[in-house]
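A.B. asks: Could you put the whole structure together from the sequences, leaning on the hints where they help?
Heads up, the sequence shown is in my numbering, so the first residue is 14 and it goes up one at a time.
Calculated from the structure, these hints are not laboratory results. Heads up, the beta-carbon is just placed ideally off N, CA and C, and yes, glycines get one too. Warning: the hint list may mix true and false statements.
[To be verified] Using C-beta positions, here's what the derived DEER-type ranges look like:
(1) Trp14 with Pro72: 18 to 28 Å
(2) Arg15 with His46: 31 to 41 Å
(3) Asp51 with Arg30: 40 to 50 Å
(4) Asp48 with Ala28: 35 to 45 Å
(5) Glu83 with Pro61: 12 to 22 Å
(6) Ala50 with Ala28: 33 to 43 Å
(7) Thr43 with Val87: 15 to 25 Å
[Claimed, not checked] List of simulated lysine to any residue pairs, SDA-like, C-alpha gap at most 25 Å:
(8) Lys34 with Leu44
(9) Lys34 with Pro61
(10) Lys34 with Asp48
(11) Lys34 with Ser65
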Amino acid sequence: WRGHLWIAPDWIDDADRGLQKPARLIRLDTLGHRDHADRPYHYSLIAPIPRSILDGRHPAPQFLGFEVVEAPDVAWPLQDRPD
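C.D. replies: In structure tokens:
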């Protein structure tokens, strides 16, 4: 999204419109990570994302290095959720 790598820990389904959208997006490509060319996944984070940021209970302070977008203006058809 917007040319960066994000994780969407929660999704909101709008069955009436046939859409789903992320409740929040957390940017990953600015966090410390290791590349893995020899594994089924592309990279892993060096430090975990706190649960309070993943579930939206705590606003992500910029000084901790987390970029969070609440209720981003993006949606996909229900059957086409990105992996």
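A.B. asks: Against each hint, give a clear statement of whether it holds in the structure.
C.D. replies: To see whether the hints hold, each was checked on the structure:
1. Trp14 with Pro72: 18 to 28 Å: holds (20 Å)
2. Arg15 with His46: 31 to 41 Å: violated (19 Å)
3. Asp51 with Arg30: 40 to 50 Å: With a Cβ separation near 42 Å, Asp51 and Arg30 satisfy 40 to 50 Å, so the hint holds.
4. Asp48 with Ala28: 35 to 45 Å: About 39 Å separates the Cβ atoms of Asp48 and Ala28, which means 35 to 45 Å holds.
5. Glu83 with Pro61: 12 to 22 Å: At 20 Å between Cβs, range holds.
6. Ala50 with Ala28: 33 to 43 Å: Distance hint for Ala50, Ala28 holds at roughly 40 Å.
7. Thr43 with Val87: 15 to 25 Å: With Cβ atoms ~19 Å apart, the hint holds.
8. Lys34 with Leu44: holds (23 Å)
9. Lys34 with Pro61: holds (24 Å)
10. Lys34 with Asp48: Judged against 25 Å, a Cα distance of about 28 Å means the pair is violated.
11. Lys34 with Ser65: Measuring from Cα to Cα gives roughly 20 Å; hence the hint holds.
In summary, the numbered hints that this structure violates are 2 and 10.
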